[in-house]
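Number of protein chains: 6
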Amino acid sequence: MIDALGGYGVATVHEAQDRAGLLAAYMRPIYPGAAISGSAITVLVPPGDNWMVHVAVEVCRPGDVLVVAPSSPSSNGYFGDLLATSLKARGVRGLIMDAGVRDVATLTEMKFPVWSKAIWAQGTVKASLGSVNVPIICAGLHIEPGDVIVADDDGVVAVGRAAAAKVADAAKQRVANEEEKRKRLAAGELSLDLYDMRDKLAKLGLEYR
Amino acid sequence: MIDALGGYGVATVHEAQDRAGLLAAYMRPIYPGAAISGSAITVLVPPGDNWMVHVAVEVCRPGDVLVVAPSSPSSNGYFGDLLATSLKARGVRGLIMDAGVRDVATLTEMKFPVWSKAIWAQGTVKASLGSVNVPIICAGLHIEPGDVIVADDDGVVAVGRAAAAKVADAAKQRVANEEEKRKRLAAGELSLDLYDMRDKLAKLGLEYR
Amino acid sequence: MIDALGGYGVATVHEAQDRAGLLAAYMRPIYPGAAISGSAITVLVPPGDNWMVHVAVEVCRPGDVLVVAPSSPSSNGYFGDLLATSLKARGVRGLIMDAGVRDVATLTEMKFPVWSKAIWAQGTVKASLGSVNVPIICAGLHIEPGDVIVADDDGVVAVGRAAAAKVADAAKQRVANEEEKRKRLAAGELSLDLYDMRDKLAKLGLEYR
Amino acid sequence: MIDALGGYGVATVHEAQDRAGLLAAYMRPIYPGAAISGSAITVLVPPGDNWMVHVAVEVCRPGDVLVVAPSSPSSNGYFGDLLATSLKARGVRGLIMDAGVRDVATLTEMKFPVWSKAIWAQGTVKASLGSVNVPIICAGLHIEPGDVIVADDDGVVAVGRAAAAKVADAAKQRVANEEEKRKRLAAGELSLDLYDMRDKLAKLGLEYR
Amino acid sequence: MIDALGGYGVATVHEAQDRAGLLAAYMRPIYPGAAISGSAITVLVPPGDNWMVHVAVEVCRPGDVLVVAPSSPSSNGYFGDLLATSLKARGVRGLIMDAGVRDVATLTEMKFPVWSKAIWAQGTVKASLGSVNVPIICAGLHIEPGDVIVADDDGVVAVGRAAAAKVADAAKQRVANEEEKRKRLAAGELSLDLYDMRDKLAKLGLEYR
Amino acid sequence: MIDALGGYGVATVHEAQDRAGLLAAYMRPIYPGAAISGSAITVLVPPGDNWMVHVAVEVCRPGDVLVVAPSSPSSNGYFGDLLATSLKARGVRGLIMDAGVRDVATLTEMKFPVWSKAIWAQGTVKASLGSVNVPIICAGLHIEPGDVIVADDDGVVAVGRAAAAKVADAAKQRVANEEEKRKRLAAGELSLDLYDMRDKLAKLGLEYR
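One line per chain: the protein sequences are A, B, C, D, E and F, in this order.
Numbering-wise (my numbering), the first sequence opens with residue 16 and increments by one.
Numbering-wise (my numbering), the second sequence opens with residue 16 and increments by one.
Numbering-wise (my numbering), the third sequence opens with residue 16 and increments by one.
Numbering-wise (my numbering), the fourth sequence opens with residue 16 and increments by one.
Numbering-wise (my numbering), the fifth sequence opens with residue 16 and increments by one.
Numbering-wise (my numbering), the sixth sequence opens with residue 16 and increments by one.
The following block holds chain A by itself, in its conformation from the complex (with noise of 0.2 Å):
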C-alpha cells in the first residue's frame, strides 16, 4: 500500500486525504524528478546537534523515510554523504528533514532523496539527546512513527497507518477519474462545463461583461 501511495504522487494523495496531511512549502528536494513513499522513522534532535541522526539509523529497516526536527528552528546541515551512505545500506528510501543538509552534490550523484527546508554546510555538535520514533512536528505537520510518507517534486505528505488503505482507494478513484478528464480537456472542454459549474457560479452572483 506505501508502494501504491506513492504511485499516486504528493498532490493526489493530499486530495484523497480531505486536503490534509502537507509537510509546510518550504520542504524542497535538493534534486529534481526524485518521489518516494515508505514508513516514517521519526527523530527529534536538538538545535544544531545531530547525534540521534545517528542513534536513529540502527532501528531503520528497508523501505523507511527518515523524517527529522530540530525541537526549535535550525538551517544547520544535520546530514551529508556519510550518513547518506549508511542509510542506503540499510535499504532507507530517503529523508526529510526540517532542516539543513550538506554535500548535496555527492547525495545527487548517489541519487539519496532528500527534501528539506536549506543546503548549508554549517556543521553540528554531537552533545545532546534528543528522541527517536516519537511523535514530533515536522515542517507544520505532527507525524507519528509508522506514518506513512510520500514526496515528490510537489512536497511532502503523510499518511497515517489506520487512513492508509482508505486514503489509497480514494486516491485510486481520483486518478481514474482523472484520465478521462484529462482527455476531454485537452480536446478544448471547457472545466466549466466539464465540472457543471456555470449554475453555482450563476447563483452566487457571477456576471460577465
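Identical chains share a label here; the pair holds if one copy fits it or two copies do between them.
Straight line, CA to CA, 30 Å or less: simulated DSS-like cross-link-like pairs of lysine-lysine: (1) Lys-181 <-> Lys-218; (2) Lys-196 <-> Lys-218; (3) Lys-187 <-> Lys-198; (4) Lys-198 <-> Lys-218; (5) Lys-126 <-> Lys-187.
Please keep in mind that the hints were generated in silico from the structure rather than gathered at the bench.
Based on these hints, arrange chains B, C, D, E and F on the given structure of chain A.
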C-alpha cells in the same frame, strides 16, 4: 510586437522601460530555460480558492498569458496539470501565479511554463467569486488586462499596451549596442573606459590607494 | 593551496576550520554543479548602485573571486552577462553576490558561476561611490581582501590567508579518514560503533524502549 | 469626507470598500493609538536615497499624508525628526513609508504618526532622482496622488477619490448596524442567530457531534 | 490547576514540561502585560474564511481560551471587536490566533487579550466549513481540545490535560528554587558557582586566557 | 566618551561614523524608551545553548554591555530574569542578543534593557562551549570586545574603540548643526533651500510639471 519583446528578454525590456515593471524577486520559474511573452488575462482570486481560474480559462485565446493574484497572500497550489492541459488546448503560453502551483513534474514534462511564488500541493476550494480581466496587483506590480508579459529565468516584467511599441524600440536599440560592447569587454577592455566612467568617479572623489 | 581547498569542497573546509567561515544559507548557486575557489576581491556597494563593481573589475587578476556586499540589504540585479564577460576576460573564477544577479540564462551558458541571494532583473544606478578591497560583511560573514573563497552546491566558505595552510592540512586529514569510513558504512557498519558513541550516549542517559 | 473616513477607522473603511485597498500587514505604526486620515502626496524614491522626500515637502499642504515607496525593497531610515518637523510645519498629518524610519523616540514625543515597514537608523544618500505625485505601489497597493489614506492601529487603507463618498456612506451604514449588534452580542446572543447562519451551515453539511 | 499554571507563566511552565509545548516565536500579544490561562477550544478554519469562529463561540464556556489555526497560512483579520464582545459575554479569557486580527485599539480598550501572528484589517468571507474541537496544528504546535493554554508576554505554551498536574508540580518546585537563587545572584554571587558549573566547563576544555 | 556617544543616540552616531556600524533592523528593544551605551563584552554561543552567557557574567564590569551572537541562527530564549539580576548586580547596562530572550515582563519591571531578534520562551541547554571576548558577527555586524555599543529605540550601533573620540566629535558637530536647522524647518523654511538642493536637482534633470 509581443514576440519581439519576448525575444529581448526580461532584463532588457525592464531597462528599456526605464527600470520599471518587474514583478517581485520571489516569482521563480518551475523549471529553468523557459522564456515566454504574451498578452495578460488577469484573475483576482480569494485566498485558497481557485474557482475563478476555471472561469478565466474560457476567455483565454492563443498567445495569452494567465496572470493570477490572490486578494490576500497565499501559497496554496491553485493550479495543476489538468488546468494546464486546458490552457494548452487554448493556446495559452504560460502562467504567472502569485501563489503556489502543483503537479510540477507533469507541468515540466508538458513544457507548460509557470512562474510562481511557491510550489506546494495544498489544495484549494471552489466556494467564492473573484474577478477576471480587472486591474490586479501581482507580486507587487499593478497589471492591467492586455499588458504584455515577458518572463524568463530572470523573472517577470509587464509592459503596458500603450507603451509596448516604444519599449520594443528602446530594447532593440539596447541590444544593438550591447553586441559591440560584449566583444570589446571580451577582448579585455574595461567598462570604466568603455563607458567613460573615470572622470565622473574622480569628480565624486574616488581615490586609488 | 587555493586549488587544494577548492578540491576539498565547502563542507570539508568548513569543518577543517572548526566549523567557522560559512556565508548565510540563503547564498545559492545560479546553476547546480559549479565548484570554485579563489582569492577574494571585495566590493562594498550602495543599495541599488553597481558602479563600484565596474571599478573593481580593474583590480581583478586570474584566479580571483569577486565578493560583493551592499551597505544595506538589496535584491537588485547588480550583475549580468556584460560584467561576466569582462570578468571572464580577466580570468576571474566566479562571483559571490549578497544581492541579486540577472541574465542567468546567459551566465549559465557561459558557465560563469555565481552564488547570490536572489535572481532578479531589477536594474541599478551608477550614482554613488563604495569601496574596493576593504573588509566587508557578506551574507553574515566578515571577509578580508585576499581571503580564500571556496564555493560549491553546499554554499560558500571563506578562509583567512594566514590560516589557509593549516586548514588545508586539516581538510586533507579529514578526507583521508572519510574514505575508510565510507566503505565501512556502505558495508552496513553503524556510525554508533564506528565512532564509539554508545558509551557516551548511555552516560547521558539514552534509553532504548 | 476625509475626516469622516478617518473616523470610521481602517477595518470599517476596508469592509465598506468591498474588502479592498489595504496596504500589506507589515506596515505598522511606530507608536500605538495613532489614527489619521488625509489626502495622499505620493513619492517614488530610489533604494537608500531620500532626496525626493525633501522635494515632496514643498508640495504638501495642510491635511495631506505623505506616502513614500522605494523602487526596490529597502529598510533604510528615509525619514527622521527634521523631516517630521518640516512636515508638521506644513500641516501634514502623518507619513506612510514602505521602508524604514528613525528618530522614533523623538517622533513619538512630537506625536507625528508614522506607519512603516521597519524602524532602522541606516542612513540614506541624496544622489538620484525619483518622482513626486505619480501613481506608486506602496506595500502592495496601487496608490494615486489624492487618494484618501486612513491609518490606525489596524494598518493602512487607501480609497480612490472618486469612490470616497460612496465608501463613506457604506461605512456610515456599517457602523450604524454594528452598534445594535454589539449590544445583542454583549447580552449573550450568538452571532450564529444574529446573522441567521444556522441554515446555511446546515446546507453545507455542518454536523454537531 | 489551570489558574496555578497561569500564575507560573509561560517560561516556567515550558521548562517544567521538559522544554516542550511552545507555539512559534511569531505569536505575539496585541498589547503588553496580558497574562492568561484557560482550557483550549480549538478551531480549524479555511484561509481567509472566519465562519467557523462564529460556530465555535457557541461551545465556549467560562474559563476557555479560543485557539484558531488556518488550514494553510493566512494573515487575514479573522477576529475583531464584535467577536470579542461575544466571547467576553461567554467568559472566554482570550484568543490564540495563528493568523491576523483587527480592531486592536478596541480590543486593547476592552482588555480582551489576543496573541496573533499578525495585526491586519484584511476581511474574511463566510463560505466554507472547517472544524471545531478537533486536534489542530497552531503556530507549529499540535493542540488538542481541552489542553491547558498559558499565554503572557513571552508567548504561548500548551500543556496536555493528562500532564497538567505533574507540570504544575514541577513548575511550583521551579519557582520555589528560583526565589533563593534570585537573592543570591542579586547579592553578586555568580551562576557559575551557584550551579557548580566550573568543573564541568573545565572538563570540556574551557580555557581562560 | 561612552556616555557622550550614548547621549547623541543611535542615528546620530551612525551618521557621524559615515553611515557604518549598525546592527540589522530586526534588533528591537523589548520595551520602548530604553537608551544605553557601554563597552562590549562579546559572547559566541552554540545554537540553543546559553552556557557561555553564564561564563561571560564573570568578566562583566560596571558600564559594560553584553553582546551575544549564536554560531548559527537561533530564536531560543537564551536570557531571562535570573541572568538579568546577575548582570544588574555587576553594573551591566544592558544586553544585545542576536537570538531570543524571555521573562520580558519581569525584565521590563526591572528596567533591564534588552535589544533582541526575538522574544520567545524556548529554553536552552548547557552542553557545549563557545567563546567570550572574541570578535563576533552580531546581527550582521563585526563586533570586537571593547567596542562602544549605543542602543535606543532606533536600534543598535557599534563604534570601534580607536574611532570613538573622532566619532564623538563628529556627532557633537552634527547635533550642534541640527538645532539651528530644526528651528528654521519648524518656522516653515524648506530643506530644499536650507541645504541648497535646488541647483543640484535641476542639474540632474528634475522637472516640475
